[in-house]
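Take the two lone chains and join them into the complex the hints point to.
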Amino acid sequence: MLGLGMHAVVLLKQILDWELPPSRFRIDSETRRPPDGLGPTLLGPFEQNALELALQLRDAGVVDRLTALVVGPADSADSLRKALAVRADEAVHVEVGSAEALDPSQTAELLLAAIRRLDGAELVLAGRQAGDWDHGQVGYLVAERLGWTAVGLVWHAERSDGRILVQRTGSGADERLAVRLPAVLTVTSHPSLQLRMGSVMDRMAANKKPITRWTPDELGLAPEQIAAARRIELTKVWVPEVERACELIEGEDAAAVATRLLGRLEELKLLTRPA
Amino acid sequence: MMILAATWDAERLGPASRELLGAAARLGAALGADVALASLGGAGAAEEAGGYGATQAFVIEGDHAASGNESALAALAELAGELEARVVLLPADERTAEVAPRLAERLGGAAVMHATGIDVTDGRPIWTKPVFGGKALAAVAASEPVVATLRRGAFEAAEATGGTTAVSTRTAPAADGAVELVGTDAPAAGNKLEDAKVIVAGGAGIGNGDGFAELDELARLLGGAVGASLAAVDAGWVPPDRQVGLTGKVVSPDVYFALGISGASQHLAGIGGAKAVVAVNTDPDAPIFARARLGVVMDCRAFVAAMLDRLRNAQ
Ligand SMILES: Cc1cc2nc3c(=O)[nH]c(=O)nc-3n(C[C@H](O)[C@H](O)[C@H](O)COP(=O)(O)OP(=O)(O)OC[C@H]3O[C@@H](n4cnc5c(N)ncnc54)[C@H](O)[C@@H]3O)c2cc1C
Ligand SMILES: Nc1ncnc2c1ncn2[C@@H]1O[C@H](COP(=O)(O)O)[C@@H](O)[C@H]1O
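Those protein sequence lines, which keep their order, are chains E and Y. If you want this note's numbering, it's the 1-based position in the first sequence plus 68. If you want this note's numbering, it's the 1-based position in the second sequence plus 101.
Worth flagging that the hints you see were computed from the coordinates, not collected in a lab. Be a bit skeptical, because a hint or two may be false.
[Unchecked claim] Okay, derived cross-link-like pairs now, DSS-like style, lysine-lysine, Cα gap no bigger than 25 Å in a straight line:
(1) E:K337 - Y:K376
(2) Y:K293 - Y:K376
(3) Y:K293 - E:K337
(4) Y:K298 - Y:K376
(5) E:K337 - Y:K298
Chain Y on its own, in the form it takes in the complex (with noise of 0.2 Å):
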């Protein structure tokens, strides 16, 4: 019986995958299971999982990315099946949001989406996972195998035991054509999100493109980076990987600036791992004031501008 973690890092293993492995270690621990790692990147990640508390490892070699998902898929759901894998445990992202609820079906189990908890009850994992945009949380018994994706952030990351493991080399299954890659468009210029300090987020309240173009300006003047709610996301003012939220980025800065963002539970799905929060808006009574740390209500264009003064001055 074993706990398979999965990543698609290169030669090292990100946060996140060491936050899969921390969870999966627990969770070993309290099911009695072993934890192996399956590398979809590249060798580097599998042989690092030995010094995380893996007890095997696989690295599975093939173009993964020149059929979709659909090599990978076929892959995970091989090896999960030769292991008899209780729980797989992917990263939440937009890569598992198509690999996992595929991948539980093939083995006959169920998927959790963005699982922020793990509790073992009476030797069944029970999953916790955020419900209604956020505004509730549900706690979960999912039929084995479970094939749960672990949002950014909620899980401690294993600790580095000093341990190794042998890595075996795995081909994936050869594809059958059914999606076939015909091309990837550059990613977008912009500091990411996921590593900024500072993120000035702009919403609804931020009006038009131009406002957006002052966003860019101060997050430079803060060496930060710009965020923004589906809203404006939708209206077309900022391009869509800035999203942050349930359905975008999750973030967790030292500041987070909302600029006319209402604070939809969804959105503040994005930025539990937020520090401090600053929220401007003209109403007082916007959600986004019960999550914030500072607050000021006033029109949030009047504020950028006399932020960008101010900071344009101290240069």
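Excised from the complex, chain E in its bound form (with noise of 0.2 Å):
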């Protein structure tokens, strides 16, 4: 394999819409989630972030086969229509009733297995966290079921003598990381990272390429082997209750407000001015 590229795998979640305004959110107090149709799903941004990590390691030859993989209901495949519309090479939909109700370690499992199944995988790129239950997990359990190496919240990427030099967040400051292959790596946000569009003949393209679906029976995983993975167990989930106690601050113009919030602040003892 040396000197060519790798056969990379993105992680893509496709999730209620994450701006959805607490108005309209609601949580379902049997199923203790969202109801369904509740707001629109999309592919979470962590995930684009991964997706356009993975495409510029392609640009740069570092990646020579990138697919794209989800475990997720029905309309998780737009998140695959939307990979294969920035020309993702494959796409492969595990299709499961509803990636709700599927702890971190039961998705890590199903995505383990169709990762075995992929031949000569040798990246993995995960969002940081997905913005449904914000777990910020199952790129980490991947990497150690595979027992591959594992770093978080990287941004930059490149080869560098056989192994991936990446550019990530660390605890106060920026790192650089000399990282073993094979590996995986989870992806934060950065300006650099901003999800490419395609090109009008690639989305149309898109529509026409076809997106290889697992059933978790076919990846060897019956539903008692998955039960039994649950780690996780969410005894209740609600929505916090929030007082609302805005006062409007008004003015003739901008320097009469400035002037009268000032003076409010000072008033709630909230600001001492240094004049």
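Written out as structure tokens, the structure is:
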């Protein structure tokens, strides 16, 4: 494989619109999740960043085959179409009734089985966190269970002497790390990782490209095995009350508003001005 | 049976570590477990732990940064195993985002990320964590051993007990070279968001990098720091270390100016500790007004200009 690009797999998740205003958000107390159809579902933002990083690695020749992989219900196919529209080479959909019911450990089991079936994958890119349950775990669990190297919060990667050289957000400062392959990288947001738009031609072509569909059963995972992999049990999910107590500051012009606001902040003993 | 708290503080236990020890002490009392502290930073932090309720303290020596988080992870897995820890508590930050899920997996348990509450029901910890960007809260039971990261500011700090404990020194297992630190970029300039009393934060409504230069000046005049939404960071107007929210900094200023920020739940997740939010937005229906104490419906750049004018004249 020396000198040739690698096979990379990017893990995508289709989630409820994360900017849905709180006023429209609800949890069904029975299913302990938002009711289906509460809002549009989209490819999550960190998964978009991960896809863009994968595309940049392919542009640079580090990756020569890119597979997009999703575990989820039928609507997840949109995320795969989106990946095909920016020229992912292959798309794989592991169809499950409802991804929301799976915990990170169960999701990782299904992803692992799929990754093992995709031959020769050496690099997996995941988002740092899916914006539905905000676990921030699946990428790391996949790495540990594959016995691969894991590095988190990456926003740049390149090849160097048989390793991957990454830049990532560390505690307090950015870090540059040399990472042994095979590896899982979890990807964070960065101005350089805004997902590109596919060309009109590519987007049209994406609708005709095949999506490989595997059932958990076909991956060798029986329902009991998936159930046994669960490690996090939701006992209750609820929407907290927020009290609204906003006092509007008005004035004839911006100067008057600024004066009034500063005065109010001083009255409330929130601000002491150097003046 | 133990509860193990881990810190990367160097010579003193910082506020986040004292919050960990506070949570550990209360959980320990409810479960009948003792508390141990592991310091991956320095001996000083470990030596203080006895004064905050820990009955055992460890300092784990080694150049932890050299292997990314590999040696810290291996050392914590080894220690938690030896102590038969039922629960490992870590501060929620960039480092533990990577360490916690992997540690839980190595221990055969589960991780709970960004916990904001702990209850004990029938002898079992039940963890509260925000989900859907903070639009909802979930109570979860996790397979033990549990590795939980605790959100800064969500737990009461441990009281000083005046106690002491002996410190054992250990060496981290040798790293296998899978990850090697090649370099660290100098931390970006600017006042620390976590400690700021006033934060002037801008979002997509600020419009460009010049707008953020004006926020810099406004922050300076108010003795505060500049913050930003993810959208403003993604646009490249402001460095990523200024981001506030679920995947940015968690802050607790007296006054938080949210200028041209819609108030997405993931942004609000970072400002739960702010005493007062001042929202400036052209859209009177923006969700930020539901969290704000004071609101101004106005173009945020015009507002910033007027504030600068007012404060420059006051000097
Ligand atoms: C898992 C996950 C984690 C996330 N983490 C974070 C995080 O840590 N921090 C974060 O901020 N976001 C985070 N987000 C993103 C978040 O959902 C929002 O997309 C983001 O906060 C929006 O930023 P914004 O309010 O600046 O932009 P927008 O939503 O575009 O809002 C801009 C606002 O500015 C107003 N405006 C426009 N022009 C003007 C003007 N001239 N004057 C005044 N007002 C004006 C508009 O009315 C609007 O309300 C996360 C999302 C996910 C899914
Ligand atoms: N159902 C899924 N299908 C594919 N990838 C997933 C799935 N769930 C999570 N992931 C990946 O793992 C990352 C972290 O997810 P989480 O641990 O759920 O926050 C996401 O950003 C995705 O890249």
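Checked hints:
{"no.": "1", "hint": "E:K337 - Y:K376", "result": "holds, 11 Å"}
{"no.": "2", "hint": "Y:K293 - Y:K376", "result": "holds, 18 Å"}
{"no.": "3", "hint": "Y:K293 - E:K337", "result": "holds, 22 Å"}
{"no.": "4", "hint": "Y:K298 - Y:K376", "result": "holds, 10 Å"}
{"no.": "5", "hint": "E:K337 - Y:K298", "result": "holds, 12 Å"}
In terms of the numbered hints stated before, the structure departs from none.
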